Amino acid sequence: MNGQQDKEPIFLGIDGGGSGCRVRLSDRTGTILGEGTAGPANTLLGLPQVFDQITIATQVALSQAGLVPDVMGTLHAGAGLAGLSLARERAKLATFGHPFATFVAETDAHIACLGAHAGGNGGIVIAGTGSCGLALVDGREHTVSGWGFALSDQGSGAALGRAALRRALSEQDGIKPSSPLGRRILQCFDHSPEAMFLWAEGASPGDYARHAPLVFEQAQAQDDTAIALVRQTAIEVAELIEALAAKGAPEITLVGGLAGSIDPWLPDRVRPLLAPAKFDALHGALVLARSGNIT
Numbered sequence: 281m282n283g284q285q286d287k288e289p290i291f292l293g294i295d296g297g298g299s300g301c302r303v304r305l306s307d308r309t310g311t312i313l314g315e316g317t318a319g320p321a322n323t324l325l326g327l328p329q330v331f332d333q334i335t336i337a338t339q340v341a342l343s344q345a346g347l348v349p350d351v352m353g354t355l356h357a358g359a360g361l362a363g364l365s366l367a368r369e370r371a372k373l374a375t376f377g378h379p380f381a382t383f384v385a386e387t388d389a390h391i392a393c394l395g396a397h398a399g400g401n402g403g404i405v406i407a408g409t410g411s412c413g414l415a416l417v418d419g420r421e422h423t424v425s426g427w428g429f430a431l432s433d434q435g436s437g438a439a440l441g442r443a444a445l446r447r448a449l450s451e452q453d454g455i456k457p458s459s460p461l462g463r464r465i466l467q468c469f470d471h472s473p474e475a476m477f478l479w480a481e482g483a484s485p486g487d488y489a490r491h492a493p494l495v496f497e498q499a500q501a502q503d504d505t506a507i508a509l510v511r512q513t514a515i516e517v518a519e520l521i522e523a524l525a526a527k528g529a530p531e532i533t534l535v536g537g538l539a540g541s542i543d544p545w546l547p548d549r550v551r552p553l554l555a556p557a558k559f560d561a562l563h564g565a566l567v568l569a570r571s572g573n574i575t
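Taking this note's numbering, the leading residue of the sequence shown gets 281, the next gets one more, and so forth.
Be aware that one or more of the hints could be misleading.
DEER-style ranges, computed between Cβ atoms [as the list claims (entries may be wrong)]:
1. Asp453 x Val417: 44 to 50 Å
2. Phe559 x Glu288: 46 to 52 Å
3. Ala430 x Ala555: 42 to 48 Å
4. Pro473 x Asn401: 45 to 51 Å
5. Pro473 x Pro349: 55 to 61 Å
6. His422 x Phe559: 42 to 48 Å
Derived EDC-like pairs (lysine to aspartate or glutamate); straight-line CA-CA distance at most 20 Å [what the hints assert, rightly or not]:
7. Lys558 x Asp543
8. Lys558 x Glu421
9. Lys558 x Glu531
10. Lys372 x Asp332
11. Lys527 x Glu451
12. Lys527 x Glu516
13. Lys456 x Glu531
14. Lys456 x Asp470
These are computed hints drawn from the structure, not numbers from a lab. Owing to the predicted nature of the structure, the values given are computational and were not obtained by experimental measurement. Glycine included, each C-beta is placed from N, C-alpha and C at the ideal position.
Could you put together the complete structure from these sequences and hints?
Have a look at this one:
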């Protein structure tokens with residue numbers, strides 16, 4: 281391979297998220313040469329941090345492929361980066377130097393969609409701590425939701441966790457009848473509304489989302505209150521699916537940390553729209569890397 285590195289293009293796919301960065305090296309035939317991981321690479325953490333982590337992960341992948349670090353400057357890279365949906369982050373990236381031969385970047389949702397549908401038409405709904413939908417139809421990108429916990433994120437783990445906490449407070453105040461779910465939530469705060477209030481002052485969306493598994497657990501135990509909350513979450517996820525279908529996506533893949541839990545609760549009307557992912561997000565990043573007509 282070392283004797284060919286000046287002749288044959290090598291592609292680098294990058295999946296940079298808030299929890300970590302993954303990369304994959306591939307040759308022109310699609311053969312995987314190496315992979316690597318590193319720390320968080322959300323653009324909101326700052327581009328120096330992003331490229332530090334990308335560099336670390338890429339060096340691991342190059343070593344795995346038996347290539348020297350200097351090869352990094354010959355790579356054709358495609359990246360999906362969390363936070364890049366904001367115009368200000370795109371503007372910063374456009375003027376930030378990168379260490380590769382070529383570099384193309386989109387959002388992490390974009391490369392997940394490219395991977396899920398092998399570069400063809402389709403959409404994804406991400407149901408995790410937050411939520412959003414993205415579709416690629418005839419080369420055009422369409423998005424729904426994804427405007428953050430305060431304004432949207434319907435059908436997300438954070439929204440479900442918050443709904444459970446609100447219900448528990450209503451039960452504590454005698455506004456709603458007591459339920460097993462409410463009692464278990466209140467136990468987390470020593471049955472103190474003030475403790476919950478103080479917790480909420482500094483809670484992140486991820487903190488709220490950590491209560492979502494308890495809601496699903498209680499729903500499986502036939503707790504009517506939990507069932508109602510999960511069904512509402514499923515309706516909200518279904519609405520995102522239908523919104524993407526209305527924008528022309530012929531099939532939609534459900535991904536994210538909540539996907540497996542919420543799937544059995546989805547209404548039957550959206551099942552014909554769903555399709556499993558063909559490939560992962562790193563495959564999508566490699567599709568993006570090749571989009572510069574490099575052959």
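So, going through the hints one by one against the coordinates:
1. Restraint check, Asp453 to Val417: a C-beta distance of roughly 47 Å satisfies the suggested window 44 to 50 Å.
2. Phe559 and Glu288 have their C-beta atoms about 22 Å apart, which leaves the hinted 46 to 52 Å range violated.
3. The supplied range of 42 to 48 Å is broken by Ala430 and Ala555, whose beta-carbon atoms lie about 32 Å from each other.
4. Between Pro473 and Asn401 the C-beta distance comes to about 49 Å, which sits within the given range of 45 to 51 Å.
5. Separated by about 56 Å at the C-beta atoms, Pro473 and Pro349 satisfy the suggested range of 55 to 61 Å.
6. With their beta carbons about 21 Å apart, His422 and Phe559 fall outside the hinted range of 42 to 48 Å.
7. Distance restraint check for Lys558 and Asp543: the Cα-Cα separation of roughly 18 Å lies within the 20 Å cut-off, and the hinted pair is therefore satisfied.
8. For the given pair, Lys558 sits about 19 Å from Glu421 by alpha-carbon distance, which is consistent with the 20 Å threshold.
9. At most 20 Å may separate the alpha-carbon atoms for a hinted pair to count; Lys558 and Glu531 meet this at roughly 12 Å.
10. Under the criterion of a C-alpha separation no larger than 20 Å, the hint pairing Lys372 with Asp332 is consistent with the structure, at around 16 Å.
11. The hinted pair formed by Lys527 and Glu451 fails the criterion: a straight-line CA distance of about 41 Å is larger than 20 Å.
12. Straight-line distance between C-alpha atoms of Lys527 and Glu516 comes to about 17 Å, which keeps the hinted pair within the 20 Å bound.
13. Restraint check for Lys456 and Glu531: not satisfied, since their Cα atoms lie roughly 40 Å apart, outside the 20 Å limit.
14. Note on Lys456 and Asp470: the hinted pairing holds, with a Cα-Cα distance of about 19 Å set against a maximum of 20 Å.
Going down the numbered hints, you'll see the structure goes against 2, 3, 6, 11, 13, while the others check out.
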